[in-house]
Structures are given as C-alpha cells and as structure tokens.
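Visitor: Residues per chain are reported as follows:
Protein chains: 2
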Amino acid sequence: MIAKHYEDMLQGKSVIRQLSEFATARGKEIGYENVFDYSLGNPSVPVPQAVTDTMIRLLQEKDPMELHGYSPSLGIPSVREKVAASLEKRFGLPYTADEIFMTSAAAAAISHALRAVTIPGDEVLTFAPCFSEYYPYVNGTGAHLKAVPADLASFQINFNAFEEMLTEKVTAVLINTPNNPSGVVYSSATLKTLADILTKKSEAFGHPIYLISDEPYREIVFKGVEAPFVSSFYDNTLMCYSYSKALSFPGERIGYLAVNPACKDAKKIVQMCGQISREIGHNCPSSLMQLTIAENLYITSDISVYETNRNILYKELTSLGLTCTEPGGTFYIFPKAPMADSKAFSEKAKEFDLILVPGDGFGCPGYFRMAYCIDTEKVERSLDAIRKLVAAC
Amino acid sequence: MIAKHYEDMLQGKSVIRQLSEFATARGKEIGYENVFDYSLGNPSVPVPQAVTDTMIRLLQEKDPMELHGYSPSLGIPSVREKVAASLEKRFGLPYTADEIFMTSAAAAAISHALRAVTIPGDEVLTFAPCFSEYYPYVNGTGAHLKAVPADLASFQINFNAFEEMLTEKVTAVLINTPNNPSGVVYSSATLKTLADILTKKSEAFGHPIYLISDEPYREIVFKGVEAPFVSSFYDNTLMCYSYSKALSFPGERIGYLAVNPACKDAKKIVQMCGQISREIGHNCPSSLMQLTIAENLYITSDISVYETNRNILYKELTSLGLTCTEPGGTFYIFPKAPMADSKAFSEKAKEFDLILVPGDGFGCPGYFRMAYCIDTEKVERSLDAIRKLVAAC
Numbered sequence: 508m509i510a511k512h513y514e515d516m517l518q519g520k521s522v523i524r525q526l527s528e529f530a531t532a533r534g535k536e537i538g539y540e541n542v543f544d545y546s547l548g549n550p551s552v553p554v555p556q557a558v559t560d561t562m563i564r565l566l567q568e569k570d571p572m573e574l575h576g577y578s579p580s581l582g583i584p585s586v587r588e589k590v591a592a593s594l595e596k597r598f599g600l601p602y603t604a605d606e607i608f609m610t611s612a613a614a615a616a617i618s619h620a621l622r623a624v625t626i627p628g629d630e631v632l633t634f635a636p637c638f639s640e641y642y643p644y645v646n647g648t649g650a651h652l653k654a655v656p657a658d659l660a661s662f663q664i665n666f667n668a669f670e671e672m673l674t675e676k677v678t679a680v681l682i683n684t685p686n687n688p689s690g691v692v693y694s695s696a697t698l699k700t701l702a703d704i705l706t707k708k709s710e711a712f713g714h715p716i717y718l719i720s721d722e723p724y725r726e727i728v729f730k731g732v733e734a735p736f737v738s739s740f741y742d743n744t745l746m747c748y749s750y751s752k753a754l755s756f757p758g759e760r761i762g763y764l765a766v767n768p769a770c771k772d773a774k775k776i777v778q779m780c781g782q783i784s785r786e787i788g789h790n791c792p793s794s795l796m797q798l799t800i801a802e803n804l805y806i807t808s809d810i811s812v813y814e815t816n817r818n819i820l821y822k823e824l825t826s827l828g829l830t831c832t833e834p835g836g837t838f839y840i841f842p843k844a845p846m847a848d849s850k851a852f853s854e855k856a857k858e859f860d861l862i863l864v865p866g867d868g869f870g871c872p873g874y875f876r877m878a879y880c881i882d883t884e885k886v887e888r889s890l891d892a893i894r895k896l897v898a899a900c
Numbered sequence: 508m509i510a511k512h513y514e515d516m517l518q519g520k521s522v523i524r525q526l527s528e529f530a531t532a533r534g535k536e537i538g539y540e541n542v543f544d545y546s547l548g549n550p551s552v553p554v555p556q557a558v559t560d561t562m563i564r565l566l567q568e569k570d571p572m573e574l575h576g577y578s579p580s581l582g583i584p585s586v587r588e589k590v591a592a593s594l595e596k597r598f599g600l601p602y603t604a605d606e607i608f609m610t611s612a613a614a615a616a617i618s619h620a621l622r623a624v625t626i627p628g629d630e631v632l633t634f635a636p637c638f639s640e641y642y643p644y645v646n647g648t649g650a651h652l653k654a655v656p657a658d659l660a661s662f663q664i665n666f667n668a669f670e671e672m673l674t675e676k677v678t679a680v681l682i683n684t685p686n687n688p689s690g691v692v693y694s695s696a697t698l699k700t701l702a703d704i705l706t707k708k709s710e711a712f713g714h715p716i717y718l719i720s721d722e723p724y725r726e727i728v729f730k731g732v733e734a735p736f737v738s739s740f741y742d743n744t745l746m747c748y749s750y751s752k753a754l755s756f757p758g759e760r761i762g763y764l765a766v767n768p769a770c771k772d773a774k775k776i777v778q779m780c781g782q783i784s785r786e787i788g789h790n791c792p793s794s795l796m797q798l799t800i801a802e803n804l805y806i807t808s809d810i811s812v813y814e815t816n817r818n819i820l821y822k823e824l825t826s827l828g829l830t831c832t833e834p835g836g837t838f839y840i841f842p843k844a845p846m847a848d849s850k851a852f853s854e855k856a857k858e859f860d861l862i863l864v865p866g867d868g869f870g871c872p873g874y875f876r877m878a879y880c881i882d883t884e885k886v887e888r889s890l891d892a893i894r895k896l897v898a899a900c
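Chains as they are written, first to last, in this note's numbering: chain E, 508 to 900; chain V, 508 to 900.
One or more hints might be untrue.
As the list makes no split between identical chains, a pair holds if one copy fits it or if it spans any two.
To be verified - Subject to a maximum C-alpha distance of 20 Å in a straight line, what follows is the list of computed EDC-like cross-link-like pairs (lysine to aspartate or glutamate):
1. LYS511 / GLU630
2. LYS774 / GLU514
3. LYS535 / ASP658
4. LYS895 / GLU854
5. LYS699 / ASP809
Think of the hints as simulated: they come from the structure by calculation, not from any bench.
Put together the whole structure using the sequences plus the hints.
Guide: Structure follows, in structure tokens:
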C-alpha cells in the first residue's frame, strides 16, 4: 500500500500555490502584466553576470572529470574553506571548513540541522509569523513544531509566551531573521534576550537547547537597519544559509549549514550531517554550483529594487490606515487586513486582480503577506487596485 | 543533546572510503600512478562535450530568471515530458510527465520511492551482493532491509532463499541491475521469475509488493549482453535512474524516479514524492542540470573503456584460476578471493599497491570488488601486481 501519511498530505494543498495558479490562470485572461501577483517569494532580479561568467569559465576551462566528479558528502573541501573564511572575515567568528556543511539550499540545511540536534518526540519551537514549510520540515523528523504566538506590536519575539512554552521537551528553537513573512529583522536586544533565556533554560534542563537560524534573507537588509549576526549571540547556533534569494539562484539549490565554532560538538555535528545525508538521500549540492559559489561569496544581485518597492508599499499601506510594521529587509510586507477574516480579504482582493496571501498559514490570521519581488512599475500600477480594495472592505 | 543515532553511525566508517584514503596516502609516497586503485566507482571518462556545450549555451542564451528560477517540486514540466517521451521511445512503455519525478540522482530517487510505498516497520528485501548504502537508505525510513543470500553460481537471484524470506511484512523489493558489485545483468528469465513471484505473493498477501529498481548502470552494458528493461516485467515497478555513471556526471546530482504507468496509483505516487521532499528537504535537482539533461537524453560518455578493461581483467583473473562471473555491464567485477577471508585478502593486496574492496560490505564475504573505471594503461600495468598477489596467497 502507498504511504497514507504522504497521501493525506496531498489534501492540504498549499494556499500560496493555489493563489499562484489563480494568478497564472487570470493572467491568461487579462494578460499577466495586469495581475498584481504578490504571492510568490521568487527573486525578480537576475543572478549577477559575474556568477554566470564563473559558471561558463569553469565549464570551458576546468577538467570535466574534476568539475563534475563526486563531491565528498560534506562538500568540496576548498569550497567549505572559502565559505568559512568569508564568514570569519565578515562576521568575526573563527569558522573553519570543519564547521561548514554544503547543502541543497536552506531546506536541506534545516533538514540536517534538525536531525542532528533533535530526536523523534522532541519539541521544536518557532515564532509566529513563520514560514509554513517549517511544519513538514520539523514534523518529518519525528519532532513536533510549535509556534509561539506573534508579538503583533513589532514582530520581534513575544518572550512571555516563549518562556511559557519553553519546557524541558524543547531541544531546538528555529528562527528566521530577516523574517518571512513580516520582513522584520530581529534586533540585537531581541537576540540577546533570546540567548539569555536559552542559556538559562539549557542549564536548568541539563541539556543544550540549540538555535537553528534560517537566514536566506541575511543579505537583503535595507538602509539604516541593523542586522545582527545571530550566531554571535549564542554559542549553540546552527546557521542555515541559501543563495536562493540574495543571489537570485533558487533553482540551483545551493546553500550551507554553518555551525558556530563555539557550539558544543560543532565539528561532530557537521560530520553527523554526512550520516544524515545517507538516510535522507541528500548527497551534496551540484559540484558546479559549489565551485561557482566559492568564487562569488561577496556579491549579491542588484537587490535595490526590493527596498524601492518596500518604500512605495509601506507608504501607501500606512497612508490608507492599515496597521503595518515596516520591513527592515527581505521582499515581504505583512500588514493587518482591514477585515477580521484575512482569507476572505484575500478572496476579495482577487476581484481587483490583487494576489495577496492570507496570514493564517503563517500563524497570524488577520494579516496578509505581499511578496514585492516584482517590477517597481507593477507595484506602482497596483496602488490604485490596493486603494479600491481597501475602500471596498 | 546531539542525536545518538547519527553519532553512532560515525563509528561505522566506510571500508571503501578507508581504502580510497589509503590509496591517496600511498599515492603521495610512490606517485598515484603507481597505486592500482580499484576502490571507487567514479567514472573515468569525461562528460560528453555536447553536455558541456548545452550548459554553456543555456548560460549564454537563456533568461537567467527562468534558467535559475524555482523548479516545481516535481521537476520542470518540459523536462519531465522529455524524459517520459524518451523512455516511451526507447522502452515502449507509455510514460507521461505525470509518472516522472526529477531527483538529485539515484540516492534521492530511492529515498522517495521507499517512503512512498513503505511505512516504518515494513520489511524491504534486496539481493546480495548489494550496494552497502542500501542499508542507510532503507533503515533511515523506519523500514528494515534484509538481503537475500547471493546466488553464487551466477549472481542472478537465489529464488529459494527469496521465497523463504518473502513474508507478509515485505512491501518492497529493491534490485540493482546491472549490478554493483557483481557487474551482472539480470536476465529476462530472472526478471520473469521475480515478477511471477511478486505477483503471486502480492495476491496472497492482499497488498502490492512494489519493485524498486535502481538502474544507474542501465546504459553501461557490454556487447552481446541482453539488458532487459525491468519495468516491462512487472507493473508495480518504480525505476530509479541517475546520470552519474553513464554520463560521467556524479557531482551534479541529477536523475529521476519513473513510475511504471501501469503501476497501481502511479500518478499519485509521483505527487506524493513532492510531499516527501518537504519532509526530507529535497526540493528538486539543479534547474540548470534538469534543462541540460533534457537536451541530452540519447547520449552517453564514451564508455567503451569499461568493456576494454572488463575484457582484460576477466581474462587475467580467470586464467589465474579465480572463480569469477563475467560482468555484463557496469565497471565492476566481483571475483572469489583466493583466501577465505576477503578482508585479509584486501589487506594483503595493499602490499602490492592493489586497492581491492572486500565483499563483506556487499553481503558476500569471500569475494572482492574491483572498480575498473580507471585508465586501460593502468589496468594493464596492474596485471603483474595481481599475479604476484595471487601467487602470494
């Protein structure tokens, strides 16, 4: 018999995917340029030419046996060294290759991190609003994910609720800053308080509570916003990175797990990831992509469009009277809907060819997410539709 | 605490990896060209120039947003269509895109196939000699792998032992033809008998027994050898393919799962794979690699070297009096060691700078594997060492 667990999962069709499919279908009717599709977190600017040039040069010049040969299960040693060196240079922690594990982007990094530091039955906490895929990521390991209710005033952390939920069963906490869907960047004060609580509770429980920090938006931070390096605040941090967003490279599935050198068993955790790969069929990201990334560690795509779009939308939404925390990074904004039912609001938005994702799936009903990784010209054209939608609520 | 299960796995260091490390270290002493390293199944011929040209052209000409954008979780639709069409054209089964799931090579294909058609506690059978990684692949899902003892006379299938072990608990059977480590290709007679037994037992048990067919060596078959298409024999077949071996592309991690269109729930199984990916952090192979493969479905690397090497080694080993089944494909040969203890034999071989893998890890103690994906010139130079080794036993 086929596995009922996965068969059942087919019923829970992703709301974002449904909205995206609606946008595509509607686009066929009225032209996709007339659909204000804010559904998907797909980068809207191309990969830097330097990255393309690196790939072409590797393909033209490097011995194909070496270029396309098996990578060791932890990643190509020279790539791990360069990633470590870049992290040390930029953030000051003494990473070495031994603390770096190359992964098929952030999903695989989180998948390995969870299996390394939790066991089935453990609890993992995250903070609403959160990326809805965290549920299968965590629950697929046999651990259980619980989301701490949001701090709606600022989308930092609701520490009272967190401390209540932080029982002895919790062995890992999963955070995402800059945050999808709120766009908010956790402040130093937030990270310091979080670290203090984790340290205190690790001692009280007699076991470490690991911090798994999902940072695919780390490089997409807007002017004047402080983006503290999470791993500097708490030793037992496993950082998950992806080149999907800031390098506009999502299809190539490349990222890494970087375990804080001060983390308990840091080097062993990385070695263990090689064993976890054997059980889940991971086996390294593409070797061409590993070698390409290693030569482009200090650049991003031209991500200025996201800040431009943030400025336009934040100004418009607040001027329309919507409650909205100003995003400090990413390409998301997460306003409060002008109707109590954000699913109904998302449905209503379709009437104006606006594709908005209700906050329910992120653990924040009553809010909605706009992914503004689209052309600025389209953002500007959408303002009239937004005004009409709000007026109609 | 870190997960003891994976920490414990670190103790069981791969014998093949240890031998390969020895070969590298010994190479530093005497020159790697003087080490007859038969340890690793790494292709020894380059990827076809046409594949490199496709990648360069895609990088130069295709819109980078589209080229490197997110692939749907089941794979890029046009790629799935082309893979299906090529299978239909070559093997006559009416595959459509709906039966194809693009994967990070065979490891990921097997990983998804197992999770789709088994549940924790189930038993999965395979046949010795078998690839040792099957143990973590299967056991990592919560099912249990058991290896049916080898048919030592031919390295086809020991059906008596199989029928004894084929209890109601078994929900999947995992085969590998052409076979690593024996090089043997299952005959039509073998596959027909296997299918008959599976059909009979599926009926008797009242549940389907799925056949998971791991076929990374499908294209590496020598002259005069019949290589039947496994899926044609049994409806409930899930075929796992990888471009690692025949296209010399192992580092790029690209392959697919093709579910026989006649398989019960074929299309649903593929859809379920998208859900399985969410739990294990898979998320598609590289989009560049998917698009590249789709344009090179009918070619392989120049794999003639493997047949040349097979001829030289088979002739030499048999003329030395070793018992040896002639490989019909792959780049492996699996002779009986001239000492009862094949681990001791492998140790002894090191004295002659011969790196041979004992059969124990493949479920066949007393035998040894030679991976002859090395230059023919080196194979020829190794013959003297082989003669000396055999004489010394």
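Visitor: My question is about LYS535 and ASP658: at a cut-off of 20 Å on alpha-carbon distance, are they close within one copy, between copies, both, or neither?
Guide: For LYS535 and ASP658, the Cα distance exceeds 20 Å both inside one copy (40 Å) and across copies (59 Å).
Visitor: Is it within, between, both or neither when you check LYS511 against GLU630 at 20 Å Cα-Cα?
Guide: The answer is between: 17 Å across copies meets 20 Å, while 24 Å in one copy does not.
Visitor: Pop the pair LYS895 and GLU854 into one bin, within, between, both or neither, using alpha-carbon distances up to 20 Å.
Guide: So LYS895 and GLU854 pass the 20 Å test inside one copy only (14 Å; across, 79 Å).
Visitor: One pair to classify: LYS699 and ASP809, alpha carbons no more than 20 Å apart. Within, between, both, or neither?
Guide: Classified as neither: same-chain Cα gap 31 Å, cross-chain 59 Å, threshold 20 Å.
Visitor: Quick one: LYS774 to GLU514, C-alpha cut-off 20 Å, is that within a copy, between copies, both, or neither?
Guide: The answer is between: 11 Å across copies meets 20 Å, while 38 Å in one copy does not.
Checked against the numbered hints given earlier, this structure breaks hints 3, 5; the rest are met.
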